[in-house]
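Visitor: Please build the complete structure, drawing on both the sequences and the hints.
As given, the protein sequences belong to chains S and G, one line each in that order.
For the first sequence, this note's numbering begins at 177 and goes up steadily by one.
For the second sequence, this note's numbering begins at 177 and goes up steadily by one.
Do not rely on the hints blindly, as some may be mistaken.
Note that identical chains are pooled: a pair holds if it fits in a single copy or bridges any two copies.
Stated by the list, open to error - Straight-line distance between alpha carbons at most 20 Å, and here's what the computed PhoX-like set of lysine-lysine pairs gives:
{"id": "1", "residue 1": "Lys267", "residue 2": "Lys277"}
{"id": "2", "residue 1": "Lys283", "residue 2": "Lys267"}
{"id": "3", "residue 1": "Lys283", "residue 2": "Lys232"}
{"id": "4", "residue 1": "Lys277", "residue 2": "Lys232"}
{"id": "5", "residue 1": "Lys267", "residue 2": "Lys232"}
No lab work stands behind these hints, which were simulated from the structure alone.
Quick caveat, the model's predicted, so the values are computed rather than measured.
Protein chains: 2
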Amino acid sequence: MDQRVHFLTLSTADLDAARAFYADALGWTPALDVPGEILFFQVAPGLMLGLFDAVKFAEDLGGGGEVGPPAGVTLSHNVESPAAVATLVTKMADAGGTVLKAPQEGKFGGIFHAHVRDPNGVVWEIAHNPHWRVDADGRVILG
Amino acid sequence: MDQRVHFLTLSTADLDAARAFYADALGWTPALDVPGEILFFQVAPGLMLGLFDAVKFAEDLGGGGEVGPPAGVTLSHNVESPAAVATLVTKMADAGGTVLKAPQEGKFGGIFHAHVRDPNGVVWEIAHNPHWRVDADGRVILG
Numbered sequence: 177m178d179q180r181v182h183f184l185t186l187s188t189a190d191l192d193a194a195r196a197f198y199a200d201a202l203g204w205t206p207a208l209d210v211p212g213e214i215l216f217f218q219v220a221p222g223l224m225l226g227l228f229d230a231v232k233f234a235e236d237l238g239g240g241g242e243v244g245p246p247a248g249v250t251l252s253h254n255v256e257s258p259a260a261v262a263t264l265v266t267k268m269a270d271a272g273g274t275v276l277k278a279p280q281e282g283k284f285g286g287i288f289h290a291h292v293r294d295p296n297g298v299v300w301e302i303a304h305n306p307h308w309r310v311d312a313d314g315r316v317i318l319g
Numbered sequence: 177m178d179q180r181v182h183f184l185t186l187s188t189a190d191l192d193a194a195r196a197f198y199a200d201a202l203g204w205t206p207a208l209d210v211p212g213e214i215l216f217f218q219v220a221p222g223l224m225l226g227l228f229d230a231v232k233f234a235e236d237l238g239g240g241g242e243v244g245p246p247a248g249v250t251l252s253h254n255v256e257s258p259a260a261v262a263t264l265v266t267k268m269a270d271a272g273g274t275v276l277k278a279p280q281e282g283k284f285g286g287i288f289h290a291h292v293r294d295p296n297g298v299v300w301e302i303a304h305n306p307h308w309r310v311d312a313d314g315r316v317i318l319g
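Guide: Okay, here's the thing in C-alpha cells:
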C-alpha cells in the first residue's frame, strides 16, 4: 500500500458555517462546493480536505453510525513564530472559532501552540514548531 | 490563514498494533517512532500523519475529553482500478483490518470503493475514482 492519503473527509453538521469560516473569513478557496453535500479544499500537494454533510457521511459509512462531530482527530497548521500563533488564533476566534487552549508551550514535542475548534467541531492545532521543516521536495524533517 | 494542513493527528489506543499494521504488514516507513507516545508517517508532500497515544492525545487537548477512537473522519486512498480496490482491501483485512463496507459502487461521487477500519478504529476509504487526478505540481483535479 502506498504511504499516501488522498482525501481527508470530516463529518460536517453545517456546511454553510464551514464555508463562512474557511472561505469567507479565513480566505480559503474551495476546489469544489456542492451545497448540501460536500465542500472541498486542497490542503497539501495531492491532498483534498472534504467537509462532508454529516448525515450523508454517516449514510456513506453505513453501519448505523452516530452523526456527531469529528473526535479523536486534530489538524495542525504550523506558523513561523509564537507571535504568529497568537495572531492566527485571534483571527480564527474572530471568524467564529472557539479557543480550547490559549497559545502556550506544548507538553509534547517542544512546540508553542494553541487549539481552536471550528464551527463544526473540527479541532485545529496552531503551532510554532522549531523542530519541523519541509524540504523543497516536500519531505518533512522532524527533530 | 494559508490553506494548508501540516500534521494530521489521530488518537491511537494501541501504538504497537498501529506499527504492526502500517509498518510491518503494509510496508510503510515511519518518519519517527517514539514508543509509548507517537508514531509518524509522511502521507503527502509536507504532510505528516501522527498516531498519538490516546491518553496523551486527550491530555494534550485538555478539557477532560473522552479517550475514544477517531470518529467522524475518514482517510481515503485512491488506486488505479476497481480490481485494485479489492486487492488492497484483502491485503488490509489480512493485516488485521476490519472490512466495514465490501468493495462496491459508491453512492456519492461516481466512485468504486470500500471501507476498512484499522486496528485502532481509523476508517480508510479505498477507492477508484475516475473523476480524480493529481497534476505534476500536486494540484488535485476533480470532475
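Visitor: Each hint should be assessed against the structure and marked as holding or not.
Guide: Now for the hints, and whether the structure bears them out:
1. Lys267 - Lys277: Answer is within: at 15 Å inside a copy they meet the 20 Å cutoff, but 40 Å across does not.
2. Lys283 - Lys267: Neither: 24 Å inside a copy, 37 Å across copies.
3. Lys283 - Lys232: between (37 Å within a copy, 9 Å between copies)
4. Lys277 - Lys232: between (31 Å within a copy, 15 Å between copies)
5. Lys267 - Lys232: neither (30 Å within a copy, 28 Å between copies)
When the structure is compared with the earlier hints, violations turn up for hints 2, 5 and for no others.
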